[in-house]
Amino acid sequence: MTVPTIPIDEPRRRGRLHHLTVGLGFVLVLLTIVMALVSFVWTPYDPTFVNANETLDGLGQHGHLLGTDAFGRDTFSQLLVGARVTLLAGIIAVAIAAVVGVPAGILAGMRARWLGELIMRGNDILFAFPALLLAILFAAGWGASTWTAMVAIGISTVPVFARLARASTLQVMTTEYVLAARAAGRGGWWIARRHVLPNIASVLVVQASVAFGLAILAEAALAYLGLSTQPPTPSWGRMLHDAQGYLFTAPRLSVWPGIAIGLAVLGFNLLGDGLRDLLDPRLRERRR
Amino acid sequence: MTVLELRELTVHIGSVPVVDRVSLSLGAGDRVGLIGESGSGKTLTALAALGLLPETARPGGGIELCGQSVQDLSERQWARLRGDQIAMVFQEPMTALDPVMRVGKQVAIALRRHRDLSRRAAFASAVDLLRQVELPEPAAIARRYPHQLSGGQRQRVVLAMALANEPAVLVCDEPTTALDVTVQARMLALISRLVSDRGMALLFISHDLAVVSQVCERVLVMYGGRIVESGPVDRVFGAPRHPYTAGLLAASDIADVAPGAALRTIGGSVPGMGEFPSGCVFRNRCDRALPECAEIPPLVPDGPDRLLACINPVPRADS
Amino acid sequence: MALNLARRLGFLVLTLAVASVVIFAVCAWIPGDPATTLLGTQATPAAVHQLRHQLGTDRPLTSQYGSWIKSLFTGDLGTSYVTKLQVWPQIQPRLGVTFSLVLVGMVLALLIAVPVGIFAAVRHRQVSGVVVSGLSQIGLALPAFWIGILLAFVFSVKLDILPPGGYVSFRQDPVEWLRHLVLPGISLALVQGAVLSRYVRGAVLDVMNEDYIRTARAGGATFAKALWRHGLRNAAIPVVTVLGLQLATLLIGAIVIESVFTMPGLGLMLLQAVGNRDLVLVEGTVMILVAAVLVLNFLVDLLYLLIDPRLRSSR
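The listed protein sequences derive, respectively, from chains A, B and C.
Each residue of the first sequence is one higher than the one before, starting from 1 at the first, in our numbering.
Each residue of the second sequence is one higher than the one before, starting from 1 at the first, in our numbering.
Each residue of the third sequence is one higher than the one before, starting from 1 at the first, in our numbering.
For the record, the hints were derived by calculation from the structure and aren't laboratory data.
Among these hints, one or two may not hold up.
[To be verified] Calculated Cβ distances over 12 Å to all of chain B for the following chain C residues:
1) L14
2) L61
3) Y65
4) Q92
5) V127
6) L178
7) Y212
8) I213
9) R229
10) R233
11) I237
12) P264
13) I307
[What the hints assert, rightly or not] Okay, the calculated beta carbon distance ranges per label pair:
14) S118/B with R233/C: 15 to 25 Å
15) G129/C with G151/B: 33 to 43 Å
16) A184/A with L95/C: 35 to 45 Å
Every residue, glycine too, gets a C-beta built ideally from N, C-alpha and C.
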């Protein structure tokens, strides 16, 4: 199975528009982080507090900024706390993928013979297991929870990182400074640390940003299906699931969590795009 | 009859004139060479003649094709002329052809762009064209994909496509530079023969003086976007007047260098786009430069059929 | 080329085998013994032991795996401990639902992605191109199931012109089949289309700068014609390679969308099975899905070979 490299855009317009989009991405990501951090210290209401008197409140009703859900829980507070899970999903997923996938990819790139082949074949097999299926398997066995979801997403993200790390490593291995290092007798560890890692770092950082966004989307879908965070912990995906039952009576409930997810993912994607131009032009030029 | 005329053609990229008031005139059957190193603007001049300049380049001045003014034509209007009145062969044959289409079909498509032919008839004509460009077993080659052909073979296919509709002018931009030396000579002979057989005008662009002297009757020497010298090929190369031309000739005349002696070069290197000196574009590398060279030397007649843009030229052989 | 094909086929089989091992292993290591679950905590050890023997779960894992694989070949995916029903007959009718959704989703996604991508590439220096490119950025950031909910709200709840869920088989009523697939299909297609459109844009941009486009123009083709005649087929190559990946994503996305629109497909069944801790059903269904993903990718690889003649002769 062949996976193409991300198509290379034309030399980027370094103009104002570009800075605008990167800035927007940064702001959105920051917003999400702030929401999560703030939620540890303060929320307008307790997001798990059921209030039978204030169910399905509209905007601003009874002091609820964005209203309440069918159980009277404050939507805004739920959004704030839900940001924690969202970010956690991204962090865990990318961490697993990076810690497992990157070393595997580098190893495959540096030992291009049977070990490298073996690793890449294993990688291809891993590609066949999307996050949802893994999450289902784990949920079937150990019961659904935030952790089963995140581990599932993390494992399913490993192959992308491994493949990318390997491709970049292969490129670096052909450069002259690496050849010089090998001629000077430097061992694999040294070369990996001093030459490979710094040079592939930029590509990996970009991929991490994109993967972060994908992880958020995956977690949201899993939560919607009930395969992630369980009640009463708030989660944007599960909020959408709950909201769907009230589409007739309170359609607004379906709007906010979706916007939150979309903005967070958009932020990470824009950031990733911006980082790509910032860190990548050297590698891009050589690929051409 | 003049088939191609460039009148004070100027091409700007940004604010830089990369082609600066170039004028040339080709009549039917003429073989004109355009000599210059990379960065001289010769390729852009050729592209301008076909309306193929990149989006960032803006042309100015007059371009006439078979008497018709073409500098402001739309893409659709240009499409009617390209291939039919004027055609071009480019430098790099390896990437010039569609990799997923058989070469015979690509030639047939070129034919059907300007002629009302059935697919079968066009393919048959395509095979015939491939035969004319001296490809062995043209019918078999027509069914092959570009990656199954060598560079020389691909260039012949490109030539066949260019000649398919018998244009009045053929522009060749370094057509043999990317080919092996042994293939070069045959390709040049082929181009010469095909052009003369059809009575076409040829504009041949190259940095290789030997090639130009083989194929062309007249030559224009270009540097820094400007024509610095022009005239019949044997006279310009035999007795160059512009110091740049003289330098080019000296540098390419390797046989003349005594063993162990240094090769002759022109001092300095070609400036980047926009970094040419004011006044005479060559004066910062010229060993005959004078203070007066700070003024742009005009391109004026130097003898009955030569033009020269230099106020301190190499002395005539007979003076 | 035949060698190439054989190699890929071999690898497909190998991957399927390894995948089956992984699925079986995960299900086997999952805590919980079917026998005790079925009999309850009050059961006597003897009864549990007997049931285990009956079910075959007291055998070594390798032998259990062996018989599972063997039965797979005969089309028997086992019998669920929970529902006492055979697995395959449960899966089979639902396959049509899921694959219909994937098909419609893919077609719609392509219908969106190709024109959008081409437009964004051809106008990449102009405002319209940049705007379109930006829209695709937004499109791929949105959760597909959220779009499904919103679309259901607009078209089913408010406008009442499309059904809010369910499924009608094609054989029963083609029009209704399509009507029930429109909203779910669009939900899938909007997001996948946005992703694909970026790849299309990149591929077309690359092609626009290729020399053979210039050669075609020099021969009398307008830029648009040259792009159409030569560019598209060349641009399709990198896009087709992405399609394979996208099919897997589409399949997974379809499972989620089935939940949104309560369609009787594999997705809902799978989720119920998880809730019931029905491991046999989960095992069988996941195996089918993984196999589908692998086979689809294999077919796309074949398609790739067909499109690009350079891959056929050279090794």
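Consistency of the hints with the structure:
no.	hint	result
1	L14	holds (31 Å)
2	L61	holds (50 Å)
3	Y65	holds (45 Å)
4	Q92	holds (40 Å)
5	V127	holds (15 Å)
6	L178	holds (34 Å)
7	Y212	violated (5 Å)
8	I213	violated (9 Å)
9	R229	violated (7 Å)
10	R233	violated (5 Å)
11	I237	violated (8 Å)
12	P264	holds (43 Å)
13	I307	violated (7 Å)
14	S118/B with R233/C: 15 to 25 Å	holds (22 Å)
15	G129/C with G151/B: 33 to 43 Å	holds (36 Å)
16	A184/A with L95/C: 35 to 45 Å	violated (60 Å)
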